[in-house]
Structure formats: structure tokens, C-alpha cells
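*Asks:* Next come the chains, spelled out residue by residue.
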Amino acid sequence: MSALSSQSPLLFMIVGMTEPLYTAEFQRPGTTTSPTTLQYNHFLLHSSLDSVAALAWSTSAAYLRTVEKVNDRVVSAYLTPSHHKFLLLHGGRSEESVKSFFLEVHELFVKQLCSPFQGMESPIESKAFDDRLRALGRRYLS
Amino acid sequence: MLQAGTGRSTSSHPLDRPLSRRPGEVSLAAFTLLFSELVQLHQVRSSSVPEFEAALCDAGRQVGSRALQVHWIREGKKTRETRILGILQFLSSTIWPGLFNKKADSLERGVSSKSEYMIHDANPLPTVFCEVPRSLGGMNPNAFVSGIIQGVLETAGFGCDVTAHRADEGGSGTRTVFLVNFHDDVVERDEMLEGR
Chain B
37 MSALSSQSPL LFMIVGMTEP LYTAEFQRPG TTTSPTTLQY NHFLLHSSLD
87 SVAALAWSTS AAYLRTVEKV NDRVVSAYLT PSHHKFLLLH GGRSEESVKS
137 FFLEVHELFV KQLCSPFQGM ESPIESKAFD DRLRALGRRY LS
Chain V
91 MLQAGTGRST SSHPLDRPLS RRPGEVSLAA FTLLFSELVQ LHQVRSSSVP
141 EFEAALCDAG RQVGSRALQV HWIREGKKTR ETRILGILQF LSSTIWPGLF
191 NKKADSLERG VSSKSEYMIH DANPLPTVFC EVPRSLGGMN PNAFVSGIIQ
241 GVLETAGFGC DVTAHRADEG GSGTRTVFLV NFHDDVVERD EMLEGR
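Chains as they are written, first to last, in the numbering used here: chain B, 37 to 178; chain V, 91 to 286.
Each hint can be trusted.
A short, non-exhaustive set of chain V residues, derived as facing chain B with CB atoms under 10 Å:
hint, residue
1, Pro104
2, Pro108
3, Leu158
4, Thr169
The set of hints was computed from the structure by calculation and includes no laboratory data.
Cβ atoms here follow ideal geometry from the backbone N, Cα and C, with glycine treated the same way.
Looking at chain B on its own, in the form it has when it is part of the complex (with noise of 0.2 Å):
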């Protein structure tokens, strides 16, 4: 990993059947990012979108590796049994610590999920659910 991948900034994304239902970006501290960066990360992911679609009933994989790659920045994708997509924009993290992050943070999609006020294509408004996100990506992307 070159010292400029690690110091990109990160997008993550969960994606319902027809909109965002949450987004966490992450930066290293004390960088910040130009807001022309952050509409060009946004862009580059929902571009995305249309390989994953185009996967979905190709593979019964969950874990969809890399879908797209844009001179330095790469797409990692994950889906969910319930067509939920997990996207994540980086410089080049390594397979093994981006599959680990969207099992992890699967697993908390799903308790999420649970609760009665949490609806499966409502956006994800909860404080505990972005603190506990933020300190996976911490863990496992940083």
C-alpha cells in the first residue's frame, strides 16, 4: 500500500432497492477533502450500481470483490440476501480487510434491521448504529 492510498479518504454506502439508506466518509484527521473530491466519490459509486445489478443473479456470491476501478480508486461491493448493496470506495485496501468489514458491518445491518423502527428501506438514522460503523471502518480500514 503506497502512502497516498492509505491517506485517500474512504466512502461507504448502503444501498436499498431505490435510494442511499446511509453513507459514513472517512478521512484521515487533519486532511480535508475539496467538496469537488467528495461529488466525485459519490459518483463514482452510484456508477457502480449498475455492475452490481448486472451481478446480483450471475453469482450467488456475497462478497463481490472489486466492480469497478478508476485510475487509483477502487469499488469494492458486498450484497446483502435481501439485495441490500454495501459499497465501498477506496485507494487500494487489501481484499482480506475489506471482506472482514462488510461481514462485520453486515452483521450490525442486520440487528439494526430488527428493530421495529428501523424500516428495510428507511433510512439509517441512528447514532449508535453510525458510532459502532465508524469504529469497524477504524478498525479494519485505517
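Take the given structure of chain B and dock chain V to it, following the hints.
*Replies:* What follows is chain V alone, placed relative to chain B:
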């Protein structure tokens, strides 16, 4: 059955409790009490038998969609089901015991139609104490279990309609057949995948 048993610490946050630890059993009496309140609530709110059954079905769908995911993780599965037979087998041999402590009696494919499948259960657990008064006609409280099945299948990407039918003549027994009718696009997709 679903969720927390007795004796577990309530001081930890729900998001921190391990999902994969098998929970203790929930008492049938406690569940049946809750279910009877649910049925009575919808009986009061509904103005017709179809509306009553649809309300119970919707309640069941909420259960089914979550049950799919919880049991997927508990079984430690790493692959998603992409075929009709696969998801039906996961439902009858993993989710059914997870919810009702027994496997579904049998799973059949419809003879007359490619989109029909049937799940048999001699005595579905949620309605084990239900007795439908004659004034409600052909109302079947197993609409709740139909909803659970529908929730599991729809959430997994297999759109369908599920209805519950009494298997015994005269409608007095508890043997129930759940008829699953998959939508056309699901059948087409499954045939296309078979061809690969």
C-alpha cells in the same frame, strides 16, 4: 423462536449483543398471548375477511423479511440463494425450524403450473390455539404465516403471492397448505438461470 429469552442482561445495547448466539426458547404461552392481541386488534380494525387476512399477512411479512437475514447470518452462510428451489429449501429447512422449532412437513412443486409451489404443515405453530368462529366464515388466521413466507421470499428477490388453505375436508382440521405463486418475471429468470 424470535429474539431474546429470559435471563439475558438488559444493560448492553441491542447493537452489541451477538447475533449468532442461539437465543433461549420463547414460551409458547407468551407468544400466543401476543399473537391473540394482534389478531383481535386487526379484527376490530378490519371491515371484511379479506381485509382482516391482508392485515395479518402484512404483519407476517415484517417478520419474514427479518427472519431471512437473521437466519442467514446465524447459519454462517456465505452465498445468496439465486434459484427458486434454493430459497424454498432454505425457508423450509432452516428458517422454519428457527421460528417454529420443526421443519416444514413437505415442499412440493405444483403439477399444473410452473409458478406454483406448496409447503405443508400439519399444525402451524402461531395458530395452534386459534379457533375461528363460524361468523367469520372462511377466515384463516394462517394468513400470518403466509405473510412470513411471503416476506422471506420477496425480500430475497422472489416476488410472489402466498395463500393459506386448509388441507382437510370440512375445514375443521389444522393441516394447512401454503400455496406459493411466483410472479412471471421470477419464473422466467429462474428458467434462464437453469439454462446456464
